[in-house]
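Residue numbering for the sequence shown follows UniProt numbering, beginning at 1 and increasing consecutively.
The set of hints was computed from the structure by calculation and includes no laboratory data. Bear in mind the structure is a predicted one, so any value in this text is a computation, not a measurement. Any given hint might turn out to be false.
[What the hints assert, rightly or not] Across the chosen pairs, the derived CB separations fall in these ranges:
1) Leu15 x Pro50: 47 to 57 Å
2) Glu47 x Trp14: 46 to 56 Å
3) Trp26 x Pro50: 31 to 41 Å
4) Gln17 x Ser52: 32 to 42 Å
5) Trp14 x Asn51: 48 to 58 Å
6) Gln46 x Leu24: 36 to 46 Å
7) Asn42 x His13: 43 to 53 Å
8) Val16 x Ser52: 26 to 36 Å
9) His13 x Leu45: 50 to 60 Å
10) Leu15 x Gln46: 42 to 52 Å
11) Leu45 x Trp14: 29 to 39 Å
12) Glu49 x Trp14: 35 to 45 Å
13) Ser52 x Gln30: 27 to 37 Å
We treat Cβ as the ideally placed atom computed from N, Cα and C, and that holds for glycine.
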Amino acid sequence: MRRTDRTARVCGHWLVQLAVTGLLAWAGLQRSVSAFNLDTINFILQEGEPNSMFGFSVALHREQNKSWFPFL
């Protein structure tokens, strides 16, 4: 086997592995994004003052003597 044939074969395998890895990563990300679900029945409505950027803050809340951090 000539050196150029071997190099081409190794390069081809590397490209196939890269393509398969990229495809699996893309498929995994698509699945996780499409599985996102919002609870539309048991929700808590929180409002902030206008122009306060309320949705970008992290608030500490107490509910039933338990602390939890919702990311708003």
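Violations among the numbered hints: As far as the earlier hints go, 4, 8, 11 and 12 are violated by this structure, in ascending order.
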